[in-house]
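All chains should be modelled from the sequences, with the hints used to inform the complete structure.
In the numbering used here, the protein residues as written are 164 to 427.
Think of the hints as simulated: they come from the structure by calculation, not from any bench. Check the hints yourself; a few may be wrong.
[What the hints assert, rightly or not] Computed cross-link-like contacts, DSBU-like style, restricted to lysine-lysine with a CA-CA straight-line distance of at most 35 Å:
(1) Lys235 - Lys325
(2) Lys325 - Lys391
(3) Lys414 - Lys325
(4) Lys414 - Lys235
(5) Lys235 - Lys391
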Amino acid sequence: MHSVFIDEIDAQTYAEHVSRAGSTIIIPAGATEQHGPHMPLGVDAMLSRSIAGAVAEKTGALVAPALCYGYKSQPRSGGGNHRIGTTSLGGNSLSQMVDDVVASFIAQGFENVVILNGHFENYQFIYEGLDNAVARSRAAGSSARAVLLSYWDFVDEDTLSKVFPDGFLGWDIEHGGILETSLMLLLHPTLVNMDRVIDHPPAQLTTYDVFPEDPSRTPPSGCLSSAKGATAERGELLFTTVTTQVADALKSELLLGNITLEVN
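Given below as structure tokens:
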């Protein structure tokens, strides 16, 4: 058996997958963005790639290289685009990149394209590019379909209550917090330094945005909540729930089989 990641397989093996009924490619989407002093800049893409890989094993899909630059970090969800280490695309650039990449995969013969998003601010701009690529391909006679999802939307209430026993305050302030840090402790533990976690109360954010961005409105750590309670065990709960539910959704929506592939 071979890897589910297309950058790790040869062109002939890749072509064999493309020619199969129900051929599906999953594109992880992330960002290059600060995640506080305890985690690396590539968290969003790393997590979406790992989740995509597990989902691919459950569904028989392949995984494309991650989109590693995302839309501008915003103070109310990512600490702000002004923060050092955050390197972003404008909305038009992100939408066009998605349009080009998705159109290429469809032209090669994939029946289904899935974008698995791991960066909060990306969603609407990915939506634009994906919608345009699929609409244009179908107007040209293709029967291709696509699915866009953000992995955190598949965390159910039971899992939330176990991961956040003191109460869940919302995804918008989870940047650099317990969810991402727990998943990184499970999937990339050598890249997390819990000794550098800054324990502070959740950010008190406005319900509006101000331009230019005011650095004083978000915590100096760059995180919008504390990651102190993060553990690999909580990461395992999150990972199992997300990968199972995303795979089930794709099987149902795209009528995919349940093919287990061994990752090299």
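Q.
So, against the hints stated earlier in the document, which numbers end up violated here?
A. none
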